[in-house]
Amino acid sequence: MFEALTDRLTDVFQRIGRKGRLTEQDVDEALREVRRALLEADVNYRVVKDFIAAVREQAIGEDVLRSLTPAQQVISIVHKELVRVLGSERVPLTWASQPPTVILLVGLQGSGKTTHVAKLGHHLRGEGRQPLLVAADIYRPAAVEQLRTLGRQHDLPVYDEGTQAKPVEIVKHAIKLARERRLDPVIVDTAGRLQIDERMMQELEEIKAAVRPSEILLVADAMTGQEAVSVAEEFHRRLQLTGLILTKMDGDARGGAALSIRSVVGVPIKFIGTGERVDALEPFYPERLATRILGMGDVLSLIEKAQQQISQEESERLQEKVLTGTFNLEDFLNQLQQIKRMGPLTQLLEMLPGVGQALRQQQVQISDDEYKHIEAIILSMTPEERRHPDIINFSRRRRIARGSGTSMAEVNQLLSQFKQMQRVMAQLGDMAGVGRRRGGLRGLLGGGNPLAGLGDGGLDALMSQGMVPGGMPPGPSARHPTAQRPKPKAGKKAKKHKKKRH
Amino acid sequence: MIFSRFFRRQTQPEPKIEAGLRKSRRGIFRDIAALFERSEIDEELYEDLEALLIQADLGVETTVALLDNLRQRVRREGIKDPAEAREALRDEMVALLEEATRNRKVKIYQRGVPFVTLVVGVNGTGKTTTIAKLARYHQDQGRSVMLVAGDTFRAAAIDQLKVWGERLGVPVISHTPGADPGAVVFDGMQAAFNRGVDILLIDTAGRLHTKYNLMEELKKVRRVIQRHVPEAPQEVLLVIDATTGQNGLVQARMFTEAAGVTDIAIAKLDGTAKGGIAFAIARELGTPISYVGTGEKVTDLAEFDPETYVDALFFGDDEEA
Ligand SMILES: Nc1nc2c(ncn2[C@@H]2O[C@H](COP(=O)(O)OP(=O)(O)OP(=O)(O)O)[C@@H](O)[C@H]2O)c(=O)[nH]1
Ligand SMILES: Nc1nc2c(ncn2[C@@H]2O[C@H](COP(=O)(O)OP(=O)(O)O)[C@@H](O)[C@H]2O)c(=O)[nH]1
Ligand SMILES: [Mg+2]
Ligand SMILES: [Mg+2]
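Here the protein sequences come in this chain order: A and B. Following the UniProt record's numbering, the numbering of the first sequence begins with 1 at its first residue and continues without gaps. Following the UniProt record's numbering, the numbering of the second sequence begins with 1 at its first residue and continues without gaps.
Derived by calculation from the structure, the hints in this document are not laboratory data. Be careful, since some hints might not be right.
Unchecked claim - DSSO-like mimics (lysine-lysine), calculated; alpha carbons at most 27 Å apart, straight line:
id : chain 1 : residue 1 : chain 2 : residue 2
1  : A       : K166      : A       : K176
2  : A       : K166      : B       : K105
3  : B       : K219      : A       : K166
4  : A       : K208      : A       : K166
Claimed, not checked - If you want the footprint, here are the derived chain B segments under chain A, 3+ residues with CB under 8 Å:
id : stretch
5  : 90-96
6  : 147-160
The beta-carbon is built from N, C-alpha and C at its ideal position, and this holds for glycine as well.
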């Protein structure tokens with residue numbers, strides 16, 4: 001599943017690449033893969049439909065058809081659109097002008113409400129507030145005790161009246177108490193309920209009418225499937241939700257439900273729950289969730305950055321050089337250095353979809369050292385040698401090998417591979433037109449360069465990243481794929497439970 | 001709602017549907033019936049069917065497979081009438097579930113050896129409540145039951161199980177919060193032997209299948225159980241929330257690997273979710289769905305029946321109207 005979409009899209013465009021021209025049908029074929037990925041991520045069927053329609057329009061408008069890197073282009077458009085729907089800016093909690101601010105957590109059974117009441121309390125106390133937690137779930141066995149326990153464990157005051165009082169009364173009394181004791185906010189735990197349970201939904205409406213909460217947050221499980229929309233719609237219709245908390249994101253659910261809810265109901269995602277412990281609460285980052293919904297690690301931020309910064313002229317200039325057979329070792333060095341600036345090579349490669357696949361399949365190990373060698377060899381050449389490798393005779397080779405701290409054999413290998421590469425380039429140039437497309441450029445590096453060990457898939461991916469003509473911008477080093485799920489902060493509270501649960 | 005009517009417990013009078021729980025809802029599967037009212041079988045019909053199956057969480061792969069089978073049958077058997085095609089699809093769906101049901105082991109309740117059910121699943125699916133329901137179910141069959149509070153992690157999880165124990169008049173073996181689950185289970189096994197109970201139901205903490213240590217913990221619990229009764233746990237029940245999407249398949253795979261899941265219970269089928277991931281699980285893993293939960297009361301449990309389930313999917317809301 002992981003990275004499946006990129007692999008599949010790369011496949012699609014590889015097939016298309018062989019054909020040469022990209023048509024609208026080709027784009028549609030690619031979008032079918034996107035559609036599948038979204039459905040597998042539990043994005044609602046209807047939402048997917050609208051979404052694909054929107055992306056298709058852009059894809060065709062944005063000249064994917066003529067792009068050098070159509071797979072990445074499509075993914076980039078999809079990703080951008082996902083981020084847009086998810087809501088690109090963070091929406092903070094609303095505070096009442098008259099304290100205390102009341103925050104009501106609602107949702108289906110078992111979605112994580114009680115836990116998140118405690119998490120929110122803990123989080124807001126960290127911001128200098130003095131929260132009061134309220135146990136208004138009088139139905140589920142030991143629900144009150146659950147919140148009390150959490151309060152005790154984390155020094156958060158909990159208001160409860162056992163299980164005999166009416167929830168609306170409990171909440172009213174809690175607010176009165178909060179006012180007296182200057183506690184703010186008041187965070188209310190409610191019982192889990194089905195959105196079709198008329199009586200229970202009325203109960204929430206009553207609470208809302210009585211205490212006018214500033215925030216009514218729907219707590220939804222990241223593992224929820226297609227019904228997320230009906231659930232959210234109904235809760236919203238009855239209560240006018242102000243936000244969403246997406247829980248259990250520490251698992252491997254892709255969380256498409258959040259996209260569905262966001263796009264149908266429109267309320268912002270305010271927090272993400274990433275564990276059972278009270279400190280496992282995070283702000284929401286749309287890019288991360290978009291990436292995750294697509295099932296692609298952290299590749300996208302990389303691609304995005306690259307695509308933003310590759311100048312069109314630069315890429316065209318290089319293409320021109322390739323096609324006219326004037327691509328030389330200097331250009332090659334340039335490319336290598338730009339790739340390198342992205343971060344440690346192996347890490348970088350893992351993040352590249354096609355390469356990741358190739359590495360997994362072939363167990364290829366590429367050391368950063370190999371690159372250093374190649375770079376050193378080229379750097380030991382004179383500019384004249386780089387531009388015209390043909391003049392490098394035996395004695396020049398010996399000098400280069402010595403100067404770069406490598407062996408003659410390595411220098412020879414590099415030169416012969418480069419020569420092969422130039423030959424392929426020349427052929428490409430002859431096949432006019434074809435070379436204008438990525439498909440034509442495909443054989444380019446595969447023909448003979450030091451990266452050949454990567455295999456076809458790997459090179460292809462490099463190509464489709466826009467990395468090889470085009471180059472990478474200097475910038476912060478690439479993030480590791482796992483960085484998207486930040487580790488919980490190891491605080492004092494965290495340690496208490498560490499033994500049992502991690 | 002559909003399901004609470006279809007799956008009513010045989011041993012109990014029909015649970016009365018509270019007026020407050022009535023709701024107005026367009027079940028998507030009622031649309032299936034409507035779909036077949038057209039005059040011919042065309043591509044649009046298949047497309048609409050695809051939409052409906054995916055919206056019931058069957059997943060792309062299972063949906064495509066079911067519809068491929070349907071296409072083949074339509075071609076092979078020369079089916080022209082959409083109504084007939086509907087029957088064919090219904091049969092395909094029932095057959096898929098029945099194949100898994102056939103894998104269900106016959107439950108043998110031996111005198112003197114406790115029948116152990118280990119209940120597992122991700123967080124908040126309905127494990128503890130299902131245990132209470134199962135306890136009631138066995139009580140109704142005249143079997144003696146004991147519960148083990150194996151969730152020592154979640155706040156007040158032990159209290160939650162004790163409340164159910166009290167309501168049902170069933171003993172609960174427990175340790176203090178934070179204790180080693182293996183140790184509680186050990187005591188539970190011992191107590192079950194000593195008191196000669198027929199059924200031992202073990203609650204466990206909800207855990208995401210991605211957490212290595214927690215899955216290893218389940219393996220350990222299994223070993224503790226087997227030290228007392230080699231053939232136990234005779235039943236390892238994975239509880240899946242009916243609202244679960246495609247992640248349910250991974251859950252089933254991982255819990256089966258770690259804990260040897262023998263049966264699946266789908267909880268919360270009283271909501272609007274269809275629990276369609278059960279089809280994907282049945283298809284890929286062949287794990288039988290044995291129980292469904294249709295409410296929060298101890299009586300809201302029924303044995304799973306493929307035909308009833310599929311018919312509820314197809315015709316569910318018609319009856320309610
Ligand atoms: N509507 C409905 N709610 C259910 C059903 N089964 C369980 N619930 C509710 O779902 C919530 C979670 O149930 P629990 O039994 O505590 O779930 P669990 O899997 O033990 O949860 P953790 O131990 O916290 O992982 C509770 O509010 C239950 O009342 C069902 O069949 N229908
Ligand atoms: N892994 C994980 N578990 C969670 C998260 N939030 C809640 N839970 C667990 O989900 C289960 C149900 O949570 P609870 O707060 O009782 O849900 P409620 O019924 O909505 O109040 C409990 O086992 C919690 O420990 C989360 O973000 N990640
Ligand atoms: Mg709760
Ligand atoms: Mg439980």
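Status of each hint after checking the structure:
1. A:K166 <-> A:K176: With a Cα-Cα distance of about 16 Å, the restraint between K166 (chain A) and K176 (chain A) holds, given a limit of 27 Å.
2. A:K166 <-> B:K105: Between K166 (chain A) and K105 (chain B) the Cα gap is close to 46 Å, so the pair fails against 27 Å, i.e. violated.
3. B:K219 <-> A:K166: Violated. K219 (chain B) to K166 (chain A) sits at ~43 Å, over the 27 Å cutoff.
4. A:K208 <-> A:K166: Between K208 (chain A) and K166 (chain A) the Cα gap is close to 14 Å, so the pair holds against 27 Å.
5. 90-96: Coverage by chain A is violated here, the residue count being 0 at a Cβ distance below 8 Å.
6. 147-160: holds (count 8)
The structure does not agree with the numbered hints 2, 3, 5 stated previously, though it agrees with the rest.
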